[in-house]
Amino acid sequence: MPSYSFVLNGKPVTVEAPADMPLLWVLRDLLNVTGPKYGCGVGVCRACTSHLDGDEIQPCVVPIADCTGREITTIEGLADGDRLHPVQQAWLDRDVAQCGFCQPGQIMAAVALLKRTPRPSDADIDRIENVCRCGTYCRIREAIKQASRSR
Amino acid sequence: MLGKERPLAGQLSRRKFVVYSLAASTLTLAAPLGCDGARADADEPASSASRRPLDVLARGADEEMLVLEVTAANKVVVRLPRVEVGQGVTTAAAMLVAEELDARLVDVDIPLAGARAKGNQYTGGSSSVSSLYGPARELAALARAKLVTAAARRWHLPARSLRTKDTRVFAPDGRSATFGSLSASAAGIQRPDVSSKPKPASRHRVIGRPTTRIDARDIVTGKAKYAGDLAVAGAKPTVVARPPTLGGKVVSVDDRAARAMPGVHAVVRIPGGVAVVAESFHHAFKAKDALRIKWAPGPLVSLSDAAIRSRLRAAVPRLGSPPRGSAQTQEEFEFAFVSHAPMEVLTAVADVRAHRAEIWFSSQTPMDARVSIASALGLPKAKVAVHVLRGGGSFGRRLNYDAAIEAALISKAARRPVKLMWSRGDDIRHGRMRPASHHRIRASRVRGKVVAFAHSTASVSEADKQSGASAQGGAGPAVAPAAGPLPSDRGLYDFGRVSERSGSVELAMPLGAWRSVDSGTVRTAEEIVVDEVAKALGKDPVAFRRTTLRSKAVKAVLAKVANAGKWGRAMPPGQAQGVAVHEEYGSCVACLVEIDATDPKSPRVTRVVMAADVGTAVNPRGLEAQLMGTAMDGISTILQAGLHIDRGAVREGSYADFHYARQRHAPPRFEAHIMPSRRQPGGAGELGVPAAAGAVANAYARATGSQPRRFPLNF
Ligand code: FES
Ligand code: FES
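Residue numbers (my numbering), protein chains in the order written: chain A, 1 to 151; chain B, 1 to 715.
If we strip away everything but chain B, and leave its shape as in the complex, we get (with noise of 0.2 Å):
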């Protein structure tokens, strides 16, 4: 059976086996992701117990499955096509397994997968929970129905008399067996004895239990290991002198008292600058100070804050004629550009020889980046292997993968392996950024009703891909900005004739999404146009939006956060709740914000109360933390956290300059709830974004009686 090809029926026809050849004794077994609920089982070959390999028949290449392996050593292993930015999805795959197979949660392992050539690979867009939600269920649902089958005609007992627990299968006289020792002899199971169906929901265990994560005790103990942290051999530490300004171009480098320093191995352009290759990053930073570069000017140099401003306002597209005989609320909004600044610089080891090339990084789309870099080094895409590490923190950033063709040019060029680490002022000032933006939004009322709801943007896109500093970027289908309309935009209220038009002005920028990508200025922008039109209407923002919102399950949260918020109580002056909803990844979210802004200079956004309906919430902890995540996102962006141009280059350079929340901007208070739901999982990670920056927005405005129209605001 080995390597022989099989039709299967329909549109599977020209997959073919998979061999497990390596996996030879232990239970293997692979599912589609990306299809929730397909069932990973096969009709596997006859295979005498005393002969392996074992030939696993999968629905797919193992390139596109996701694989479940027990192992000897009572391990359940799942090496998962997704990268672990923090936002938890380890835990929760874990988790999923855990949960079907009866396996102590400290037995199973994520470790992440390394780019393939095909399949799901992808993370983003909050998918990732919901896109291994059937397939992880379904996998251990099976490997569970096989070890029990195997430890059945081991013992002589009928299948069903025996029970799972804590990574075992027990008989009813007391007797037990680790999944490990049965790995072997259930690998060649064809038919389980019982059910391999997943569980009900009334009878999970795991999924919804809050659980802290898998990997805090090596984040607390220091041992978790993020690029900059690998010792691939002879990697030397590796920075870039970078232009003044963005998509800058070095004219001539002087380099020799730079390659005269102690400790300096190599000194090579690149399209972004040049690098240095050192014993220590305090070599290398040395170094670079000590290149002597002339610099010609990016393609910005003529341009600054003001004048991108007035740019995007003159390409928001006309909004149309308003119904006749309405009445009208229309405000304009402006956002400056934002820094992902992930705490974790990019960072990429690259180990290019001539005929292969070997990348560490931290990547959401290690798929794309493959083939980028495979191609940047004129090498076959599959004589080029790219592990995926976790990442300190992305928000959007690991999108792209502009160290890792970095790294590799670098490392092909100086002709050693390297360990590039950007500096905090190059992540902050070579980007990428949320694209700053425009916003025209007016609702139209007739007899204290809305009837038409019209929403114009322009937001800065990213030209010339080919040049400047966006050539190494890697800018992938994945960071394009959203054409049209928002899943979420449309009838989210009963507001009548809505209408969306976007325009943008085209800059050689580089630029990425950001958690929540438009959502995040559309939507605020939205919630307090809507707390402006319940104003002119006499009504309360929330008692407004109860009346006006269209779906139970956002009414739902609304009403939780009003009640557990206390919205309404009274607050001295200066202090006021701010309140905002949200509905995007098929789950809904509200916020209800105190702000303190007694100094409109300085103000505090003293508790946050936040409700979320994301359907099976399989760690209701990792949701929280998410949502506290995005408050601190929206603390940030509305009140302090932006990014300036001037003449072509940004003007921030580090924490001390770009604005983003610490401990005296978060809210002393806060708490989330969590609504209880049966339904499929929907996203989470991004999804508190724009209802709490529209929440901290709505709040200031009504603590201060002023009207917030540009963010952030202190800036």
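Just chain A, with the same shape it has in the complex (with noise of 0.2 Å):
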């Protein structure tokens, strides 16, 4: 099986896998990483949402081959120790978490969308595609507010 390397919350890893396998599965199957939820893998819900080189991706639709030399971050890789992100930190001031199953992939899409837009206007967060079915929407959407005034 052909290996490969990257570094995942900064730290290099090397994987072996089948070329094809999905990030999702090599992050929680092989690594153990299980922050990045399934909930649908075919790219829809965006459970899964994580970084690649500081940018959203879905890794239920990303083939590991594609990640080779580059950098990954997931949800447990966003807070410095014990200090959590920004983001992390308004989740929790503003209590938005339900079920919780979402949120990984919620925060992760929102930090990629306050570093591709700082200042996101409500038509900007009305585009983010993850889903919540416990519908913490308007918490979702207030602590992206408090997140982007507190940068």
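Some clues are possibly wrong.
Using 27 Å as the maximum straight-line C-alpha spacing, the simulated DSSO-like pairs for lysine-lysine come out as follows [to be verified]:
(1) K552/B with K449/B
(2) K223/B with K115/A
(3) K145/A with K223/B
(4) K118/B with K383/B
(5) K11/A with K535/B
(6) K11/A with K225/B
(7) K560/B with K535/B
(8) K145/A with K115/A
(9) K560/B with K601/B
(10) K145/A with K566/B
Derived by calculation from the structure, the hints in this document are not laboratory data.
Taking the hints as your guide, dock the two standalone chains into a single complex.
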């Protein structure tokens, strides 16, 4: 089996995997990094959302072969030790989560949005596709605005 | 005293001592669950401080109890016989305990109890907080009294002079001791020297304070563990190939190609299809796709939506004759099937051996699940351990334990531990679903007053539970369709003679109770009719409700949203407000919605104002979250999210076509008002659905001048 090396949450890793294995299952099943969640496997629900070289990706539709030599960040790699990322802190302050299952993806999507658009408008926030079946959208919107202000 | 039975008074005489030999050196108390206000205390045996274990005499077996332990590490641990699926029950329970113990919230741990043999371990009916409110406070208050008494004896001070705060007991001179350091001696206290009664509501500092979820930090850092995140030794990723139609059956399987693929451990047949156990979910999905299966179509293969709808219409019982001389407002409504689609698909880890089994999954009904799993495996119940995990949403879906039974059967057949996951396609295509329904409602008016209100419904009910997909569902009593009138729909309005009749169309489909169960359709339709009646009488919807609602509490929540939402304010063309109310679970709610339906095919709810009276709101912040969730359910089920049945199969297969609301459908403005109350808590988790759905439909009708009758509207 081919092997692939990349940087995961700041640490270099090498895995043996089939070339077409989606990054989501490499993370979850081979590396036991379970923050990114499966919600559909086809790039629709965005529960798996993580970052590749700082940009938002859906690891369920990114084959591991495309990750060689690149930097992957999952929800586990967002905080700086015990210091939460400002978006995580905003999520705590607004008590956004209900069941929590979509939230790693929501947070990673929000971080990516704020990187592209530091002062997102309501229309920008409306373009977030991540599903939250518990319906936490109003608090997500507030938390993004709070994180945007705190920068 | 160990294990010795002692007769107790009255009906409890058959119950016996509970012996906590493992909790030998710590304060451990138990209270029966489900009987509010029951006292936890009893005459414990005198035991010397030097000799343990401690025997706690409690009224009932520990299986039926809520048990509180103060550990030497200064943690207060309550093993909760409920499941956390996002509704916030663990946070509410921790708050109740922290309140009465004067413990810091971070020192209270609420692990979920595994399946028990007896007692009340059911999460549903929006009953969790109301069932815990008495017992959790009683337990904690008694624990506090014993800890204070232990400190008083240690310090030779009068117990009444001591104070508790931050998981410690304080002496007037400033000395303090952690609860953990007092736990062992408190365990030997029989009669506390201070009151062990819960605080009066006027002294509550934690209950009623908006509080962040106790698991919020774990969630935002990705540490919260769901079934699929567990690392149970050897449990390999598993998926199931399922039939193209509901209840379809395997005729033959050619699994040679699949078995030859790298990383495939086993291929086994189960009643629902063919399971593949592999090294990773990637390997499992690929091997599943390589299976060559011949399927026999399911029993509904000749049936599609149009036929189901006409059968439902035909099954609606006759309304009977209206009162003589009355004028009628009569309307019909149709609701499509709706998927629960919790964000976390059904997932279960199973380790089945020859003589025992262990299963890990998220369950609202773990006791029933345990019995069903044991019987599916042919093992005695005592040999089956069910570990209850937090769930990534439920909305009623985890009342059933389809995946757990499958996982157990697969583990048994493959002779290895497995981690079964339904794909999103499995979840949406193979149920469960809220049943489709048809409603005929007639309001009879005489001289501007409603004198009779008749509602006849028919909904799909699940036939043939012994075969097809439902065989693995374990549709327990919890999901039986509600028979007869709902608690809420009799007498909410002063509408004279109220009657309700229901019929059903039995189909072999996997159905399930969906948040707010029948109220989500029944009461929603009624709230639309209330608007129609108001219109026929030339009255404003809020004013009409104000004069016809019976209950003061419902009128108060209505007034609250009308006021806060500026009911009646001028809106541009294509936009409008709508309102609806609901009462159930000992609680009531009103919802005001503003909608922009300038493009009727793509309406946007722009504002939602809700007000709820749920008695004591233990955690107002959690309650607000629940109301927000029900608002999204209302928006989704009325405007856009439903399932089609095409020739015996569900057409939708993911969130790409099952259009549960996303951020762009959520109201940019949401507010929830919580009515102050000192009543016992009522239910809250499902309460908002009918009011939100009704208000969205009414707002849409007013914005477009149309009469929405079939839901979801854009489908
Ligand atoms: S699991 Fe990746 S988008 Fe749904
Ligand atoms: S918090 Fe449950 S799905 Fe978003």
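Results of checking the hints against the structure:
1. K552/B with K449/B: The hint holds at about 20 Å.
2. K223/B with K115/A: At roughly 24 Å apart (the allowed maximum being 27 Å), K115/A and K223/B satisfy the hint.
3. K145/A with K223/B: holds, 25 Å
4. K118/B with K383/B: holds, 15 Å
5. K11/A with K535/B: This hinted pair is violated, its Cα atoms lying about 66 Å apart.
6. K11/A with K225/B: holds, 23 Å
7. K560/B with K535/B: Roughly 22 Å separates the two Cα atoms, so the pair holds.
8. K145/A with K115/A: holds, 13 Å
9. K560/B with K601/B: violated, 31 Å
10. K145/A with K566/B: holds, 26 Å
In summary, the structure is inconsistent with hints 5 and 9 from the numbered list given earlier, while agreeing with the others.
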